[in-house]
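Chemist: Each protein sequence line maps, in turn, to chains A and B.
The first sequence begins at 70 in this note's numbering and counts up one residue at a time.
The second sequence begins at 168 in this note's numbering and counts up one residue at a time.
Hints are computed from structural coordinates only; laboratory data are not their basis.
Keep in mind that a hint or two might mislead.
[Claimed, not checked] Distance ranges between label pairs, derived from CB positions:
1. B:Ser263 - A:Ile180: 17 to 27 Å
2. B:Asn193 - A:Gln111: 11 to 21 Å
3. A:Pro109 - B:Thr189: 17 to 27 Å
4. A:Pro148 - B:Val219: 19 to 29 Å
[What the hints assert, rightly or not] Computed far set for chain A versus chain B, every beta-carbon distance over 10 Å:
5. Ala86
6. Asn110
7. Gly112
8. Leu113
9. Leu115
10. Ala123
11. Ile129
12. Phe132
13. Glu140
14. His151
15. Ser153
16. Asp154
17. Ile170
18. Arg175
19. His182
Yeah, the Cβ is synthetic: ideal placement off N, Cα and C, and Gly gets one too.
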Amino acid sequence: AQSVTQLGSHVSVSEGALVLLRCNYSSSVPPYLFWYVQYPNQGLQLLLKYTSAATLVKGINGFEAEFKKSETSFHLTKPSAHMSDAAEYFCAVSESGGSYIPTFGRGTSLIVHP
Amino acid sequence: EAQVTQNPRYLITVTGKKLTVTCSQNMNHEYMSWYRQDPGLGLRQIYYSMNVEVTDKGDVPEGYKVSRKEKRNFPLILESPSPNQTSLYFCASSLSEADLNTGELFFGEGSRLTVL
């Protein structure tokens, strides 16, 4: 069975500071991993994905994530936060060779202070 | 424009009054799904459909029904709504089940339901 844990329901940073949102997964087979972003009053949209190619994945708006198998992690980072990055971020996992239906984490709300 | 459209976007209703939330996609997607989003619980899947006339329960199906008579539509039915179904609901679609692994899951903008 697959599962995702997002550490921290809220993360607060200053504009220009590093953004780090944590995601750990559990999967019995090689996983596919995703980060989705939800801006206020909108649906979720795909930010980036890991599908067994390069372990460092670059997404939209300057975000990137690194797949670390030994740590079962897929943390999301951005070097410099913008006010427009304030949103809810969801990590998700699905299993290659198994059910393709993704399991979502509980979400992390990113707050950006001026 | 490729999109998933949900209606209504906002609804306040009373306990026991049947309601339907519609979902339509214009991308010829086979896979469609309903989620509910609650604070601290994230997204939980209610029902999903791999194709026309094929539906299956997700993690929290109690109190909900769905149907998939046409490829583009996947309505969510609350036969007798209760206050614990107050939530933000999302419909999502993907080209096929296999495409879910590419992360191509498209979401609607959400329907906020309040049951008094």
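Chemist: The structure should be examined with respect to each hint, and the outcome stated for every one.
Modeler: Hint by hint, here is what the structure shows:
Take B:Ser263 and A:Ile180: their Cβ atoms lie about 37 Å apart, and the range 17 to 27 Å is violated. About 18 Å separates the C-beta atoms of B:Asn193 and A:Gln111, a value consistent with the hinted range of 11 to 21 Å. At about 23 Å, the beta-carbon gap between A:Pro109 and B:Thr189 stays in the expected band of 17 to 27 Å. The hinted window of 19 to 29 Å between A:Pro148 and B:Val219 is violated, with their beta carbons roughly 46 Å apart.
Residue-level check passed: A:Ala86 sits 25 Å from the nearest beta carbon of chain B, beyond 10 Å. Against chain B, the non-interface label of A:Asn110 is violated: not every CB pair exceeds 10 Å, the least being about 7 Å. Taking the minimum C-beta to C-beta distance to chain B, about 3 Å, the non-interface status of A:Gly112 is violated against the 10 Å cut. Not every C-beta of chain B lies more than 10 Å from that of A:Leu113, the closest at about 5 Å, which undercuts listing it as non-interface.
For A:Leu115, the non-interface assignment is contradicted: its Cβ lies about 5 Å from the closest Cβ of chain B, within the 10 Å cut-off. A cut-off of 10 Å between C-beta atoms confirms that A:Ala123 is not in contact with chain B; the least separation is 15 Å. Every CB of chain B is more than 10 Å from the CB of A:Ile129 (nearest about 12 Å), matching its label as outside the interface. Interface exclusion of A:Phe132 from chain B stands, the closest Cβ pair being 14 Å apart, more than 10 Å.
Distance check on A:Glu140: its Cβ is at least 21 Å (rounded) from any Cβ of chain B, clearing the 10 Å threshold; non-interface status holds. The beta carbon of A:His151 is kept farther than 10 Å from every beta carbon of chain B, the shortest such distance being approximately 23 Å. The Cβ of A:Ser153 sits about 18 Å from the closest Cβ of chain B, beyond the 10 Å cut-off, so the non-interface label holds. Look at A:Asp154: its CB is around 19 Å from the nearest CB on chain B, clear of 10 Å, so calling it non-interface holds up.
Against the 10 Å criterion, A:Ile170 falls within the reach of chain B, whose nearest CB is about 6 Å from its own CB. A cut-off of 10 Å between C-beta atoms contradicts the statement that A:Arg175 is not in contact with chain B; the least separation is 4 Å. Non-interface status of A:His182 relative to chain B is upheld: no Cβ of that chain comes within 10 Å, the nearest being about 22 Å off.
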